[in-house]
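Undergrad: For reference, the chains in residue letters:
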Amino acid sequence: MVLVEQFACTSSDLGDGNERQQYTHDKMATHATASVFINDDEGGLLHDYEVWLEQLAPHAPTTRYEHNKTGEDNADAHLKRQIMGREVVVAITAGKLDFGPWEQIFYGEFDGQRRKRALVKIIGE
Amino acid sequence: MVLVEQFACTSSDLGDGNERQQYTHDKMATHATASVFINDDEGGLLHDYEVWLEQLAPHAPTTRYEHNKTGEDNADAHLKRQIMGREVVVAITAGKLDFGPWEQIFYGEFDGQRRKRALVKIIGE
Amino acid sequence: MVLVEQFACTSSDLGDGNERQQYTHDKMATHATASVFINDDEGGLLHDYEVWLEQLAPHAPTTRYEHNKTGEDNADAHLKRQIMGREVVVAITAGKLDFGPWEQIFYGEFDGQRRKRALVKIIGE
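In order, the protein sequence lines correspond to chains A, B and C. Those letters in the first sequence? Residues 121 to 245, per the numbering used here, in order. Those letters in the second sequence? Residues 121 to 245, per the numbering used here, in order. Those letters in the third sequence? Residues 121 to 245, per the numbering used here, in order.
Just so you know, these hints were derived from the structure itself, not from any lab. Just so you know, not all the hints are guaranteed correct.
Identical copies look the same in the list; a pair holds intra-copy or inter-copy alike.
The calculated SDA-like cross-link candidates involving lysine to any residue, where the alpha carbons are at most 25 Å apart (straight line), are [to be verified]:
{"id": "1", "residue 1": "Lys189", "residue 2": "Gly164"}
{"id": "2", "residue 1": "Lys216", "residue 2": "Gly232"}
{"id": "3", "residue 1": "Lys189", "residue 2": "Lys216"}
{"id": "4", "residue 1": "Lys216", "residue 2": "Ile242"}
{"id": "5", "residue 1": "Lys189", "residue 2": "Gln224"}
{"id": "6", "residue 1": "Lys189", "residue 2": "Asp218"}
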């Protein structure tokens with residue numbers, strides 16, 4: 121099960137651009153079966169990620185994974201999150217995230233279990 | 121050869137929580153065949169990682185890799201480290217690492233050669 | 121199409137080592153089909169990466185990817201960049217990047233399209 125949602129980055133996420141001109145913006149998933157990653161906001165591509173991750177780290181048969189003997193069935197979700205990454209670090213200049221022309225931040229959810237949270241931390245001058 | 125060890129994060133790793141309330145904690149492997157990563161501390165899952173990495177980047181036959189013509193036999197370890205990542209960035213709030221409920225920091229060693237080191241850097245306010 | 125170039129890190133990249141003794145150096149690709157990564161500067165290994173990435177995320181047939189219905193043919197480049205990573209965070213101590221003995225920073229280009237840029241951000245004390 122893969123669910124991807126785009127983060128809306130509001131100005132409050134970025135702090136006060138006038139006071140903090142040079143800093144970084146760290147965004148991280150705080151669950152080991154979820155990811156925060158940066159890529160293009162294009163629906164076809166997000167579908168391609170889903171298919172690709174299922175090839176690299178298949179969900180079934182769930183018995184192939186030792187982790188699933190704990191009663192979980194989400195070992196594949198842990199592996200998928202390793203490919204997609206836990207956190208992103210984005211530079212900020214003059215109050216704006218330094219993105220490429222198509223880059224956006226996404227939250228990827230790989231097992232669909234439990235209520236989860238992501239964290240934003242801003243560090244700078 | 122895959123060896124995974126959990127880091128014990130002591131309070132001295134985190135600096136003085138009273139003085140530095142908002143900062144980040146960067147932990148990185150400084151060898152290109154090793155990794156610092158964050159996931160669950162569950163033995164079955166760590167075994168699953170080992171099996172999975174061997175599928176994605178097999179050690180043998182060692183002759184399949186150009187890098188091994190240098191006299192090394194650890195090209196696969198470089199690829200495994202790319203999947204698992206070189207460094208983690210963890211936010212810290214009020215002197216505590218902002219982990220999810222099951223997250224821990226691990227050192228992954230993929231060729232078992234040489235004495236290696238990892239580095240911790242704390243940046244903040 | 122994979123092209124890898126080594127970054128030359130000059131002292132100006134690192135700022136003034138005397139004034140900033142403890143900081144981090146973030147280097148990031150700002151295009152979703154490119155990567156900044158750290159590994160060994162060994163030609164055979166860079167070739168091994170190219171072969172390996174083509175196995176994990178093949179370019180052809182281009183019709184296998186939904187993203188390519190947009191008129192692009194670079195869906196595989198987005199997946200390759202996910203494996204290789206978008207950004208690196210390198211600690212700096214006394215004006216020097218904290219590298220392992222063989223580590224270097226590379227720019228990886230996976231579709232060969234458009235003029236691209238990478239970004240360096242230095243944060244510290």
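Undergrad: Against the structure shown, which of the earlier numbered hints fail to hold, in ascending order?
TA: 2, 3 and 6
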